[in-house]
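Colleague: These are the residues of each chain, in order.
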Amino acid sequence: MSSYYFTIIGTNDTPLYELEFASFKLGGSGASQVPGKSQFSNNVKEILPFVTHSSIDLIEDVQWNNNQFYLGKVDSFYGLSVNAFVTQGNIKFIICYDNGNGRYDENAIRQFFMETNELYVKELMDPFYSVNDALTSPDFDLRIKLLAKKYL
Amino acid sequence: MPEDNIILPVSASMSKMTIQDSNKSQFGYNPSIGASSNEITPTTSSILLNKTVSLNPGVSKSINKKAFEVSLSSLSFLFCEIVNWSHKKSKGIQDLENRLNGLGYQIGQKFLELSKTREGLKYSKREIKIVEILQFIHSTLWKGLFGKIANELEKSQDVNNEYMIIDNCPLVSKFVNVPKDYGDLNCAAFIAGIIEGALDSAGFFADVTAHTMPKEGSPLRTVFLIKFDDSVISKEEQTVQS
Amino acid sequence: MAVYSLYILNKAGGLIYQSDNDRHPGVNKLTANDYLVLAGTLHGVHAITSRFTTSMIHSHDPNTTNIPASRLSGPNTNKSGLQSIETDHFNLYVFQTLTGIKFIVVTSPIPTTNLGRGELNVQLELANQLFKDLYVLYSDYVMKDPFYSIDMPIKNPHFDSKIKQLIN
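Residue numbers (this note's numbering), protein chains in the order written: chain U, 1 to 152; chain S, 1 to 242; chain R, 1 to 168.
Treat the hints as calculated values from the structure; they're not laboratory data.
Don't be surprised by glycine CBs; every beta carbon is placed ideally from N, CA and C.
Heads up, a few of these hints could be off.
In the DSSO-like style, the derived pairs of lysine-lysine whose C-alpha atoms are separated by at most 30 Å in a straight line are [as the list claims (entries may be wrong)]: (1) R:162 <-> R:144; (2) S:227 <-> S:155; (3) U:25 <-> U:45; (4) S:235 <-> S:143; (5) R:144 <-> S:180; (6) S:89 <-> R:79; (7) S:227 <-> S:180; (8) S:125 <-> U:73; (9) R:11 <-> R:162; (10) S:180 <-> R:155; (11) S:91 <-> R:155; (12) R:144 <-> S:91; (13) U:73 <-> S:122; (14) R:79 <-> R:164; (15) R:164 <-> S:174; (16) R:11 <-> S:88; (17) S:215 <-> R:162; (18) R:164 <-> S:180; (19) R:29 <-> R:155; (20) U:150 <-> S:125; (21) U:149 <-> S:122; (22) U:45 <-> U:73; (23) S:235 <-> S:125; (24) S:215 <-> R:144; (25) S:88 <-> S:174; (26) S:89 <-> S:227; (27) R:11 <-> S:180; (28) U:149 <-> S:215.
Simulated restraints on C-beta separations [stated by the list, open to error]: (29) R:168 <-> U:126: 50 to 58 Å; (30) S:181 <-> U:60: 46 to 54 Å; (31) U:77 <-> S:74: 53 to 61 Å; (32) S:219 <-> R:151: 22 to 30 Å.
Could you put together the complete structure from these sequences and hints?
Modeller: Right, dumping it as structure tokens:
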């Protein structure tokens, strides 16, 4: 059962939203845990923001040569993989995940990002929200979690 | 001025939360706490699995709904008030133009993302070249905002970092008549702000200004002069080389 | 029907816009001051004549009247005051908006050769259509201009050129 750390990074490299979760799909043994609760160890939890942050430079190197929204896997760090997505407005969606039992679906991550982008744009239409504000809306949080459950 | 005493929170401060702010609804991210503010708990996990929560129906609507039409009259009256409001607060013509530009800027930031998403991310590409983003603004963005594409898109002959988008009759200033003593004020500065917002957030930092250049038959013809930052030009040259 | 002149009066009777047909002047030009006096006089006459008839209009029961409903509603609120002046050399029509702005046009007279009841109505219809078009131009190019303040003289080249197109 893989765990994920998802972040939305604003144009000035600050996090606008973070979420730690695990795959909701039941993965064999770990039935005793709360479904969806991330299984990162405390040591890993601490470095996740740093891994994410250090990948920003790599994304910025790639984003001007690659005209896709989804950039695929951009970095890896001791068993953690980092995939990224950049919107037209330079908002970065970054997901770090441990590739526990080797099961991960590139397409699922892409789908997750695509729908997250749509949610983000809807949030952007809120007149009380302006670019680079933190995404604190409970509805947004709930919907992201539903997407996580659906795809990852 | 009495109306200035009422201080509304700017939109940014509305999302400023402290560590004490707890989320009553079980959901919601708190930037002061970080990822542990919205971690998945047994309660939220069961809500997610059993879907025992109602979603905001407004957000469920499809984003791809084709743009519907707005009456030109109501748009013109709204724009009329926007200009009046900015005019009342401004100290001069330049200041008025800057204010109009600033109002358009946020629209540009947001509308860029919206129109790109509407285009469908699966089949479209992220614009990473100067000419491509300009074409996108000139056609897709313009069409979404004004129902038509802009009339011309040109590159300056003399200056390397200058481009021009030309509209023969900018929709918002169709009924605006600038008095003679206002010099070369152009209320399409609002649209210039939209372009600037869109370009800036796409990573192409630029200054955009609106200039009236009447032509036979179109007295309101407006040139939006786009002056890119040097860093944008050098970045583009680098990627071409590599 | 040729339009000779157009005047727009604010609700206090001040002349805020004036335009003449350049190709068929029809009537002589007056001095700027005389136009103001003319506007003020027409405004006054209109006000007094409406006091003449106001009781009649109001005592009318809308169900029994034979005035067509389209005339009762419609943009023209000039129901009780001076509506037209007909002379051998020109005709003059008055239109009033809901807010008391008056449009006054001076037109060519009805040709004496085929003067009849029908011709009179045709001319009135034409004048009404003209007023409708003028009202639209006024609402578009004057009311939607952020730099125009209400009841002040209209100095707007876009409006000017549209008016010229309409009356020439």
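Colleague: Hints first: check each against the structure and report whether it holds.
Modeller: Hint check:
Annotation: proposed proximity of residue 162 of chain R to residue 144 of chain R holds, straight-line Cα distance about 15 Å (limit 30 Å). Taken as a hint, the residue 227 of chain S and residue 155 of chain S pair is honoured in the structure, with Cα atoms around 11 Å apart against an allowance of 30 Å. At roughly 21 Å between alpha-carbon atoms, residue 25 of chain U and residue 45 of chain U fall within 30 Å of each other, so this suggested pair holds. Taken as a hint, the residue 235 of chain S and residue 143 of chain S pair is honoured in the structure, with Cα atoms around 29 Å apart against an allowance of 30 Å.
Between the alpha carbons of residue 144 of chain R and residue 180 of chain S the distance comes to roughly 18 Å, so the proposed pair stays at or under 30 Å and holds. The hinted pair formed by residue 89 of chain S and residue 79 of chain R fails the criterion: a straight-line CA distance of about 42 Å is larger than 30 Å. A C-alpha spacing of about 27 Å is found between residue 227 of chain S and residue 180 of chain S, which places the hinted pair at or below 30 Å, so the restraint holds. For the hint linking residue 125 of chain S to residue 73 of chain U, the alpha-carbon distance of about 18 Å falls within 30 Å, and the restraint holds.
A threshold of 30 Å between alpha carbons decides the hint, and for residue 11 of chain R with residue 162 of chain R the separation of about 23 Å falls inside it, so the pair holds. Proximity of residue 180 of chain S to residue 155 of chain R is assessed by CA-CA distance (about 10 Å); at most 30 Å being required, the pair is judged to hold. Our distance criterion of 30 Å between C-alpha atoms is met by residue 91 of chain S and residue 155 of chain R, whose separation comes to about 24 Å. Annotation: proposed proximity of residue 144 of chain R to residue 91 of chain S holds, straight-line Cα distance about 23 Å (limit 30 Å).
At most 30 Å may separate the alpha-carbon atoms for a hinted pair to count; residue 73 of chain U and residue 122 of chain S meet this at roughly 18 Å. Taken as a hint, the residue 79 of chain R and residue 164 of chain R pair is honoured in the structure, with Cα atoms around 28 Å apart against an allowance of 30 Å. A C-alpha spacing of about 18 Å is found between residue 164 of chain R and residue 174 of chain S, which places the hinted pair at or below 30 Å, so the restraint holds. Between the alpha carbons of residue 11 of chain R and residue 88 of chain S the distance comes to roughly 26 Å, so the proposed pair stays at or under 30 Å and holds.
Between residue 215 of chain S and residue 162 of chain R the CA atoms are separated by roughly 17 Å; this keeps the pair inside 30 Å, and the hint holds. Distance restraint check for residue 164 of chain R and residue 180 of chain S: the Cα-Cα separation of roughly 21 Å lies within the 30 Å cut-off, and the hinted pair is therefore satisfied. Proximity of residue 29 of chain R to residue 155 of chain R is assessed by CA-CA distance (about 20 Å); at most 30 Å being required, the pair is judged to hold. Note on residue 150 of chain U and residue 125 of chain S: the hinted pairing holds, with a Cα-Cα distance of about 25 Å set against a maximum of 30 Å.
As the CA atoms of residue 149 of chain U and residue 122 of chain S are separated by approximately 22 Å, the hinted pair is consistent with the 30 Å bound. At most 30 Å may separate the alpha-carbon atoms for a hinted pair to count; residue 45 of chain U and residue 73 of chain U meet this at roughly 20 Å. Restraint check for residue 235 of chain S and residue 125 of chain S: satisfied, since their Cα atoms lie roughly 19 Å apart, inside the 30 Å limit. Pair hint residue 215 of chain S plus residue 144 of chain R holds up; C-alpha atoms about 23 Å apart against a cutoff of 30 Å.
Distance hint between residue 88 of chain S and residue 174 of chain S is fulfilled; the C-alpha atoms sit about 21 Å from each other, no more than 30 Å. Between the alpha carbons of residue 89 of chain S and residue 227 of chain S the distance comes to roughly 27 Å, so the proposed pair stays at or under 30 Å and holds. A distance of roughly 26 Å separates the Cα atoms of residue 11 of chain R and residue 180 of chain S; the hinted pair therefore holds under the 30 Å criterion. For the suggested pair residue 149 of chain U and residue 215 of chain S, the alpha carbons sit about 58 Å apart, so the restraint of at most 30 Å is broken.
Evaluation of the 50 to 58 Å hint for residue 168 of chain R and residue 126 of chain U yields a pass: the beta carbon distance comes to about 51 Å. Distance hint check for residue 181 of chain S and residue 60 of chain U: the Cβ-Cβ separation is about 48 Å, which falls inside the suggested range of 46 to 54 Å. Distance hint check for residue 77 of chain U and residue 74 of chain S: the Cβ-Cβ separation is about 54 Å, which falls inside the suggested range of 53 to 61 Å. Between residue 219 of chain S and residue 151 of chain R the beta carbon distance is about 26 Å. The supplied range of 22 to 30 Å therefore holds.
Checked against the numbered hints above, the structure breaks hints 6, 28 and satisfies the rest.
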